[in-house]
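Protein chains in written order, with the numbering used here: chain A, 1 to 435; chain B, 1 to 316.
None of these hints come from the bench; they were simulated from the model.
A hint or two may mislead.
Said to hold, decoys possible - Computed, partial: chain A to chain B, Cβ under 10 Å:
1. THR92
2. ALA133
3. ASP269
4. VAL271
5. THR404
6. LYS412
Positions of the beta carbon are idealized from the N, C-alpha and C atoms, including for glycine.
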Amino acid sequence: MGKEAQRSFKRSRWMLGAAATVSAAALALTGCSSGSPSSSNNTNQKVTLTFSQWWAPEMPSGALQKIADDFHKGHPNITVKLISAPFASLQTQTISQAASGTLPDIVGLDGSWVNPLYKQGALYNLTDAMKAAKYDDSDLASQVAFKGSTYMIPVVNFVYPLFTNDAILAKAGITTPPTTWSQFTDDAKKISQSDGGAKGWVVPLGTTNPNGAQNDILSWAWASGGSMLKNGQPNLTGNADVTGAVNMVKDLVTSNAVLPGANSLQETDKVTNFINGRVGMMVDSLAHVTTITKGAPDLKFTVSAQPVKDGYSGTKGMLTASWGIGISAKTQHPAQAWQFIQYLMSKDTNSKLSTLANGFPGNKTSKPDFTGADPHFQAAFGIYQKSKPVNEFTGLPAADQLMTSFLTEFQKSVAGQESTSTMLQNVQAQWKKQF
Amino acid sequence: MTTSPPDTVMIARPSRRRPSHPHRGRRRPFEPYLLIAPTVLLVAGLMVVPVIIVIAYSLFDNVVTNQNPQFVGLANYLTILADPNFWNAVGNTVIFTVASVVIHMIIGVGFALMLNSKLVHKVPRVIFRAIYILPWIFTASVVAVLWRLLLDPSGVINYLLRALGILQEAVPWLGTPATALLAVTVINIWSGYPFFMISLLAGLQGVPSDLYEASRVDGAGLIRQFFSVTLPALRPILFSMALLDLLWTTQQFTLIWATTGGGPINHTEVLSTYTYKLAFNSYQFSLASTSAVLILLASLFVAIFYVRQQKKASLF
């Protein structure tokens, strides 16, 4: 073989090697990403499932990993690998992963993301998974469904009761937490006018995280049995409950009965200002009880149901936010992924999980373990059992944008740029575009 | 037939023109391409491909959340350009950027002159240098948290202004429509001036002292020296930095998002927050891509100026 021929042979061999490597990598990649979701329903196969969520950082260290390890003991062929990130960064991460087809097998979901993920076709139909596993879903407290099929199951629910600072209320001459809108308004104003310098209430209207719209404005309407929707469409104009709630909050803001700077406050500001004794009342997640008791061990506070419209005697609505769960449509192992979800929703595991998360179970038969827990949890569980869990933003399209539009128009209304009815008309028009 | 090794070895005379390459005989024609391949792949993968994808997204009715997007041509551009919120964001971006760049420059020049002055002793000069550079060390999120606390109605700034009798009542600087843009601009100025200061300080140290001596002989005072010697010497640095700052400030997101989120009533909405909301609040990824392409075009305009200026500078 001549030198030129040898060189040519070496070059060809090198190129063939490179081509083979590239082809192998491409095959491996396509093999990882584009298989049929139902291609591996053999539950005896050893698999590793990825599970993205923000839960682990919010639970005691290692608690969720322990639950995953316990599951592995009962299902030796299935290993669950946790991918944990803070809530704030997980939303953009999840949407981007869904777009690129790299969503983990099991996905922690918030009610405000589930709609775009469903539209992307990124979520597996859980109704199909339940049918395949012959699972009886009657124990599930709630499910988020589109066109009759479930795509998200709330695993743990967090309620938003009214927190009142006992000392600040007593100083203003208030003996018991308010139960109606008029009592609440009077109490907030009394506290703001008392000597201590505290304000009656804190309402975050900042749009960085716009959930003030649901937690601190519309929740008043829901607590009194009201709704912002009619037949699945926005129903804000001419809605007495929503108008009443908006007017009540607006009255409190304009009469300086709330903490100043509401337009730039966030949900976290509620807790810090409540701990610091700057506000007498707040509507906040029960999950923050631990933060409050750690931040101010001597602070005496009461947890009660959110006040309702004067004269309302029906079942009270109680705002809830959930840790939801779903399965990626691209997963190779939907049956195994469902097995893990079923484990999380089982009576004992769900009790354990909700206790660790300071929330309430997504399984109706589960009960949180209050042994050694803060007494406020037991009080709130009593209220929760008598109330109807509600959050009308769950599953709505572009929920964050709906809330941002609501808050922006509300800020205009408070600034005197438009009346409440004009505000609600404008919000309704903007919401309809999103629906 | 067998051969035996020669008793003597002939030593080749080295070429006078250039040393021979050890692998010269085996050089492959694609070798240069192989060498630049990692860079080309990185640039293509991290810059060219994403930019092309974003441009392509802007031409469809909606992508990512829509499984069957339809080509709509320039319709998204017309929608964005007809959106009053976009023009509000453009206006706020221009005010925020121009004010930031101009004041960065003024403060940067002032502090650099002070730190370069022989009137200040070496030790305090080092201490001031360390203090003045502090804002640049903090990340945007830390700066946002810090200033939210400072500007809070019950924060230090309101306390001082009330104690001095300047304000009767505490002002929620970030929550009031009339003051929010001013507040975020001040925060951005505070966090960005050290970059100007340090670069200009380096420039000042390179100005030959002969020029100052000659100007003094000609009877120039301090102010005349500043305008006739210092500023002309710093002009290339100032120009380059102003253009870079213009690009960076136009794209500022974290600071505004973490302090006001574009509110209240869109008074601090800038192009970056407007685009982010389209993408991750509304899930309108095509409109967000369109807005991003428009920002890219504006940035390209500034970048071309920057490159031309750099080319000119390299000629001298």
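Satisfaction of the ASP269 of chain A interface hint, Cβ to chain B closer than 10 Å: holds, 9 Å
A closest beta-carbon separation below 10 Å is what the hint needs, so does THR404 of chain A meet it against chain B? holds, 6 Å
When the least beta-carbon distance from ALA133 of chain A to chain B is tested against 10 Å, hint result: It is violated, given that the least Cβ distance between ALA133 of chain A and chain B is near 27 Å, above 10 Å.
Under the criterion of a CB-CB separation shorter than 10 Å, is LYS412 of chain A in contact with chain B as hinted? Because about 6 Å separates LYS412 of chain A from the closest Cβ in chain B, which is inside the 10 Å limit, the hint holds.
Would you check whether THR92 of chain A satisfies its interface hint, that is, whether its CB is within less than 10 Å of any CB in chain B? Since the shortest Cβ distance to chain B is 5 Å, the answer is holds.
Is the interface hint for VAL271 of chain A satisfied, with its Cβ closer than 10 Å to some Cβ of chain B? violated, 15 Å
Checked against the numbered hints given earlier, this structure breaks hints 2 and 4; the rest are met.
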